[in-house]
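There are 2 protein chains.
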Amino acid sequence: MDVTQIDTVLPDPPAFRNSAAVPRPGLIEALLAVVGPGGVMVDPEVTVAYSRDMMPLAPSGLPLAVVFPADTGQVAAVVRVCAEHGVPIVPRGAGSGLTGAANGVDGAVTVVLTRMNRILEIDEGNRLAVVQPGVVNLTFRSEVESRGLFYAPDPSSYDWCTLGGNLSTNAGGLCCVKYGVTTDAVLGLQVVLASGEVLRTGRRTVKGVAGYDLTKLIVGSEGTLGIITEATLALRPKPAAPCTLVAAFSDTEHAGEAVSGAIRAGLVPSLLEIMDATCIRAVQEHTGSSILGDGEPPAAILIGQSDSGSTVGRREMDLLEQVCSSAGASFSYVTDDLAEGRLLLQARRAVLPSLEVLGTWLTDDVSVPRTAMAALIAACQEISADVGLTIGVVGHAGDGNMHPTIVYDATDPAQVAAAHDAFGRILDAGRALGGTVTGEHGIGRVKQDFLRSEIGEIGIEVHRAIKRALDPTGMFNPGSMFD
Amino acid sequence: MDVTQIDTVLPDPPAFRNSAAVPRPGLIEALLAVVGPGGVMVDPEVTVAYSRDMMPLAPSGLPLAVVFPADTGQVAAVVRVCAEHGVPIVPRGAGSGLTGAANGVDGAVTVVLTRMNRILEIDEGNRLAVVQPGVVNLTFRSEVESRGLFYAPDPSSYDWCTLGGNLSTNAGGLCCVKYGVTTDAVLGLQVVLASGEVLRTGRRTVKGVAGYDLTKLIVGSEGTLGIITEATLALRPKPAAPCTLVAAFSDTEHAGEAVSGAIRAGLVPSLLEIMDATCIRAVQEHTGSSILGDGEPPAAILIGQSDSGSTVGRREMDLLEQVCSSAGASFSYVTDDLAEGRLLLQARRAVLPSLEVLGTWLTDDVSVPRTAMAALIAACQEISADVGLTIGVVGHAGDGNMHPTIVYDATDPAQVAAAHDAFGRILDAGRALGGTVTGEHGIGRVKQDFLRSEIGEIGIEVHRAIKRALDPTGMFNPGSMFD
Chain S
1 MDVTQIDTVL PDPPAFRNSA AVPRPGLIEA LLAVVGPGGV MVDPEVTVAY SRDMMPLAPS
61 GLPLAVVFPA DTGQVAAVVR VCAEHGVPIV PRGAGSGLTG AANGVDGAVT VVLTRMNRIL
121 EIDEGNRLAV VQPGVVNLTF RSEVESRGLF YAPDPSSYDW CTLGGNLSTN AGGLCCVKYG
181 VTTDAVLGLQ VVLASGEVLR TGRRTVKGVA GYDLTKLIVG SEGTLGIITE ATLALRPKPA
241 APCTLVAAFS DTEHAGEAVS GAIRAGLVPS LLEIMDATCI RAVQEHTGSS ILGDGEPPAA
301 ILIGQSDSGS TVGRREMDLL EQVCSSAGAS FSYVTDDLAE GRLLLQARRA VLPSLEVLGT
361 WLTDDVSVPR TAMAALIAAC QEISADVGLT IGVVGHAGDG NMHPTIVYDA TDPAQVAAAH
421 DAFGRILDAG RALGGTVTGE HGIGRVKQDF LRSEIGEIGI EVHRAIKRAL DPTGMFNPGS
481 MFD
Chain C
1001 MDVTQIDTVL PDPPAFRNSA AVPRPGLIEA LLAVVGPGGV MVDPEVTVAY SRDMMPLAPS
1061 GLPLAVVFPA DTGQVAAVVR VCAEHGVPIV PRGAGSGLTG AANGVDGAVT VVLTRMNRIL
1121 EIDEGNRLAV VQPGVVNLTF RSEVESRGLF YAPDPSSYDW CTLGGNLSTN AGGLCCVKYG
1181 VTTDAVLGLQ VVLASGEVLR TGRRTVKGVA GYDLTKLIVG SEGTLGIITE ATLALRPKPA
1241 APCTLVAAFS DTEHAGEAVS GAIRAGLVPS LLEIMDATCI RAVQEHTGSS ILGDGEPPAA
1301 ILIGQSDSGS TVGRREMDLL EQVCSSAGAS FSYVTDDLAE GRLLLQARRA VLPSLEVLGT
1361 WLTDDVSVPR TAMAALIAAC QEISADVGLT IGVVGHAGDG NMHPTIVYDA TDPAQVAAAH
1421 DAFGRILDAG RALGGTVTGE HGIGRVKQDF LRSEIGEIGI EVHRAIKRAL DPTGMFNPGS
1481 MFD
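If you're matching them up, the sequences are chains S and C in order.
The first sequence begins at 1 in the working numbering and counts up by one.
The second sequence begins at 1001 in the working numbering and counts up by one.
Be a bit skeptical, because a hint or two may be false.
Subject to a maximum C-alpha distance of 27 Å in a straight line, what follows is the list of computed DSS-like cross-link-like pairs (lysine-lysine) [stated by the list, open to error]:
no., chain 1, residue 1, chain 2, residue 2
1, S, 238, C, 1178
2, S, 238, C, 1238
3, C, 1238, C, 1178
4, C, 1238, S, 178
5, S, 238, S, 178
6, S, 178, C, 1178
Worth flagging that the hints you see were computed from the coordinates, not collected in a lab.
Since we're looking at a predicted model, the values are computed, not measured.
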């Protein structure tokens, strides 16, 4: 998001032209007074770009205005203006989300945090950083890596998603099997509440248990409780160069047995990914790379890494190779060569772009007990045959978080309906296996019914009570996560 | 807590004899109907044993009754009975807490969870366990270790504290520098709400971000939001045998520099503890052991461990030794000998019993940025001189969580007042250094003013709003954590 580019298409002063909602006299003028003319967009031809994130199935609307505050004071002032005018707010980062949580709402103001993109502090002696929400994940990780430190959460959109969005969705990535999701890296937050007041949560120390854990309540709340304007993040030492394993299986069940075997053997790889035949074939064809083999793809490939360093990393991957062989791997290979390791990771990361060549992709996000991974893949194959759409399964095998990805023709209503059907049936299958309907993407506007099924009426009522407690008028992100 | 022993001192049927509160007609009968005659205690000579935990300074009252439910259904029924009678509830585990959070309240029922002490499941393929709240930490860790697994949180009372208390206080221990506090090991909870309804939070999968993180909101809420009746806990592979370092310093500032240096060097020890001269001398005199040296104690000793295993663990401790030497250590020693390592840990764990010989101990719990550890120790020495009481500093140097321990004569009102004064001044000093007033013990009934200072009025108001949302009549643990 380059704000300066967008500014050039803004009328000056901006005319109120939003047709999708009742005009709110004085609202736009008040917003302009807060953030200045470069920080408010109202032209529907422009604001429509903020209607959606990366989830095609979620409902969306046209923002009444899109506002780009430059600091916490401006965010607080925007919240107060919207509260006075009775206008809801949708907080938004880069728009890389996969649940529609940042989708526009007719008649609401979308507050985009990308202008607040400064790394405020990196404290190497205490291994922490203080950041604004608009910092791009990759920018941040590169900056801390240049100082010998490491920020673990690495969602697949890490080269364009923002830390604020990562916090709001409690994003994960490939690192989670060893390092957890975003919440595990957050020490404290600054949050603008519905009252326009600024709440500080957490601390700058490694440990701290003073009061309720408001930090971890806000993380993953998808912008429904407040707007995150600053975060204090825990850093780790930069891990050692990885040792990498790749193993192929003629049967996904054998791959599942290898993952369970790795857990039982006490391994904690820094990464353990799975790709099924559909994904392997798509990557082979799209990238032309032979790193995953040339001919007919195997049923599944596991890619594992250890960042334990030196002989330990090698020993861990050698042990993983033994586990894979015992589970019936048709091929396996361990390498300390960093370029080879990188190529394998690139192939893994190429799955979505490669599937995109075949049609519109719709990626699901279901997390199952690790022992149930193979059963989930089998269920996806059945669903694929049933609905008549390609479903490639790629995922974080080490923690059981799978991303079955449905490929369909978005111009064909029957295929759209079939994709929608498959999406839900995969979630049901995951739940039936003891899993959850989201491991790292969140609920947003696309999984509300599934959240209700998973946590039940008592759970939903507790959500509503907390929402009412912090946001009594329901101004933040209405219609997202739950009603 | 052996319930059967206590049962024998119960009158049958129990007579209502609590003089400290207004009798509630029918309450005891209703409680007896729920939990049976062996599960209700009302004799003040018996219930007085449930007035206090291990924090001498916290206010306390006499429970109206002490109830021992046997399962979740009984807990829910007890909550409904108390709600009907307008009687508050104090949830309690073993009573090892250090903030008075489980102290009795005049006119309230104390619900003790020690009878619910079963390990319900250990799932080795998914590295998780399901437990009841009354399981003793050591019982649980021994059981999982016998299966090659590891439960990290190890508060110093681990041989008698219960997992339910650990969850309610978000307890820590020596492991935290590498493995975090209790919240980092919790996947899900079963919680009885103020309505008597049973809430399930979280999941059985490694990852899961469905809805608000109610699990981590309940963990550390000190029994103010509900009663935890079951927990799903994440396990780790059993770590390798430790390599141990001990280093002595003639100046605590040098020890502080060694800790900062270790962080900057990228070390993540599995344990890194500090003891000051007062603690070392007390242990030398009380235990008669010469493991910490024989003569005049050094200003500080650091004990470090790595559980990375084989050559890596040794290399990490060798590096830590270099860091200590560069920081000016007067002595240092690295050993792979498990018995030596165990003796050093025993000396560390002997600090509180050794200080107890000198008087009543009052242990504080302040967490500071690691770079500020030496400054905190210096502040404690000043406060000690000022108030005229011995203060020994022992703590988790690796994460900056210090336990300055004040020794005083509890029969001397002047010393009690001085101890109280020192307790607060240590917290203020910690906060002034960028720290928090509790790293792992919690707020309870002894640090409420300090919580308010730390999180401010907006923070307190958010706490109140969440409390009202989940417990509208204020039935759970009134007067604990905040008003």
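Provide an ascending list of the numbers of those earlier hints which the structure does not satisfy. Result: no hint breaks.
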